[in-house]
Amino acid sequence: MVTKQAAPSNRQIIQTFLKTGTISFGGWSTTAVLLEKELGSKTYRHNPVDLKVSITYGQILPGATQVAIVSNTGYQLKGFIGALLATVSYLLPAVSLVTLFAIIYFGYLQERNITDHMGGLIAALSGIILANACRIGRKHVTHPLLWALIAGVCLAQVFAHMNALLIILIFGAAGLAKSAAQTREKTV
Amino acid sequence: MIADIAHLFVISLLISSVTFGGGSQALFYQYGVLQTGWISKTDLSAVLAFGYATPGPAAFGTATFIGYKIGGIGGAVIGTIGIFIVPFLASFLAGKYLKHLLSDPRAKHFVQGIGLAAAGLVAAAAFGVITIETVGVWHIIIAATALVGSLKWNVNPLVILLAGLLVGLILL
Numbered sequence: 116m117v118t119k120q121a122a123p124s125n126r127q128i129i130q131t132f133l134k135t136g137t138i139s140f141g142g143w144s145t146t147a148v149l150l151e152k153e154l155g156s157k158t159y160r161h162n163p164v165d166l167k168v169s170i171t172y173g174q175i176l177p178g179a180t181q182v183a184i185v186s187n188t189g190y191q192l193k194g195f196i197g198a199l200l201a202t203v204s205y206l207l208p209a210v211s212l213v214t215l216f217a218i219i220y221f222g223y224l225q226e227r228n229i230t231d232h233m234g235g236l237i238a239a240l241s242g243i244i245l246a247n248a249c250r251i252g253r254k255h256v257t258h259p260l261l262w263a264l265i266a267g268v269c270l271a272q273v274f275a276h277m278n279a280l281l282i283i284l285i286f287g288a289a290g291l292a293k294s295a296a297q298t299r300e301k302t303v
Numbered sequence: 042m043i044a045d046i047a048h049l050f051v052i053s054l055l056i057s058s059v060t061f062g063g064g065s066q067a068l069f070y071q072y073g074v075l076q077t078g079w080i081s082k083t084d085l086s087a088v089l090a091f092g093y094a095t096p097g098p099a100a101f102g103t104a105t106f107i108g109y110k111i112g113g114i115g116g117a118v119i120g121t122i123g124i125f126i127v128p129f130l131a132s133f134l135a136g137k138y139l140k141h142l143l144s145d146p147r148a149k150h151f152v153q154g155i156g157l158a159a160a161g162l163v164a165a166a167a168f169g170v171i172t173i174e175t176v177g178v179w180h181i182i183i184a185a186t187a188l189v190g191s192l193k194w195n196v197n198p199l200v201i202l203l204a205g206l207l208v209g210l211i212l213l
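If you read the protein sequences in the order shown, they are chains A and B. Per our numbering, the very first residue in the first sequence carries number 116; after that it's consecutive. Per our numbering, the very first residue in the second sequence carries number 42; after that it's consecutive.
There may be inaccurate statements among the hints.
What follows is a set of in silico ranges between Cβ atoms, one per label pair, in the way DEER data are often shown [as the list claims (entries may be wrong)]: (1) Asn195/B / Arg299/A: 39 to 49 Å; (2) Leu134/B / Gly155/A: 21 to 31 Å; (3) Ala263/A / Val178/B: 22 to 32 Å; (4) Arg253/A / Asn197/B: 15 to 25 Å; (5) Arg299/A / Leu213/B: 49 to 59 Å; (6) Arg253/A / Gln76/B: 27 to 37 Å; (7) Ser144/B / His232/A: 48 to 58 Å; (8) Ile211/B / Leu270/A: 28 to 38 Å; (9) Ile43/B / His232/A: 34 to 44 Å; (10) Gln297/A / Met42/B: 44 to 54 Å; (11) Pro259/A / Ile43/B: 48 to 58 Å; (12) Ser58/B / Thr298/A: 18 to 28 Å; (13) Ile43/B / Lys134/A: 30 to 40 Å; (14) Leu130/B / Gly155/A: 26 to 36 Å.
Since the hints were made in silico from the structure, they are not lab data. For each residue, glycine too, the CB sits at the ideal point set by N, CA and C.
Generate the whole structure from the sequences, applying the supplied hints.
What follows is the structure, given as structure tokens:
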């Protein structure tokens, strides 16, 4: 956390994160790039924020990566109040938009079955989601055989409808077991 | 309605707590569509497409969307708090008390394990959102083009979705 004298005002934090949340299309990396630019601006020249620390927390903590990055950046700027203001300001545009979409969708669009005409959009959406799966895989695969494991999870979910939560917990436990085994090897 | 909102809050907390860098789509599909029936597969596709085309966390807005369906604006607020409070508190608390987490090998391995599961689950969600009765050749071509465009050239999701919509309206 930066010193009290150098801490930015609440208004500055709100403006910065509201702006970032409004233009942050395309995942956490865009958010990180935008924040880097904002934190390098005149407003924050006296506030040394280590964005790498925020990004690392974003990777290892649960929930939306962007939120963890933004929350930790806000914390570095002004403690708890900074984290709270940064998170709320960052999420406000997205949450407002999705609420507006829900109002329109459940009020007008759903009854008209507009999704019947959205075959192309849904196909494109599945392509984007599949691309995301590949990105997540690339980040965590350390051996080519692990891709087969990923494919196995996918097939188990699609065809056997295995419980997603159970799969996640099993893989997390396997990761911890691997870590313990490596520690034992080093000790021996 | 209040019981449903409370249930959504708990499910949102749960989804948020076990999602490390991806996989929330699959969990929303499991809990929001299959187990509770709060929204249909088509509704999920619609909100995910909207999420990818707008700023902010793409899939997590589903909690807000479901919250609105169940309990109006109040439900949307509760769903939103449920899904975002975990990373907010975790990040704040980790920054204050758990700095050693950054260099803990157990955290790295735990996240790697979950990351592998998440990749498979997100891929499964890609098939799960297909709500079209008959998947034809053009659907596969559009999906494959979107996949390559996003992965190889990092094309903006909004552009991909609009192009998919347009091509679909013309050809399908």
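Structure-based check of each hint:
no.: 1; hint: Asn195/B / Arg299/A: 39 to 49 Å; in the structure: holds, 41 Å
no.: 2; hint: Leu134/B / Gly155/A: 21 to 31 Å; in the structure: holds, 27 Å
no.: 3; hint: Ala263/A / Val178/B: 22 to 32 Å; in the structure: holds, 28 Å
no.: 4; hint: Arg253/A / Asn197/B: 15 to 25 Å; in the structure: holds, 20 Å
no.: 5; hint: Arg299/A / Leu213/B: 49 to 59 Å; in the structure: holds, 57 Å
no.: 6; hint: Arg253/A / Gln76/B: 27 to 37 Å; in the structure: holds, 31 Å
no.: 7; hint: Ser144/B / His232/A: 48 to 58 Å; in the structure: holds, 52 Å
no.: 8; hint: Ile211/B / Leu270/A: 28 to 38 Å; in the structure: holds, 33 Å
no.: 9; hint: Ile43/B / His232/A: 34 to 44 Å; in the structure: holds, 36 Å
no.: 10; hint: Gln297/A / Met42/B: 44 to 54 Å; in the structure: holds, 50 Å
no.: 11; hint: Pro259/A / Ile43/B: 48 to 58 Å; in the structure: holds, 50 Å
no.: 12; hint: Ser58/B / Thr298/A: 18 to 28 Å; in the structure: holds, 25 Å
no.: 13; hint: Ile43/B / Lys134/A: 30 to 40 Å; in the structure: holds, 37 Å
no.: 14; hint: Leu130/B / Gly155/A: 26 to 36 Å; in the structure: holds, 28 Å
Going down the numbered hints, you'll see the structure goes against none, and every one checks out.
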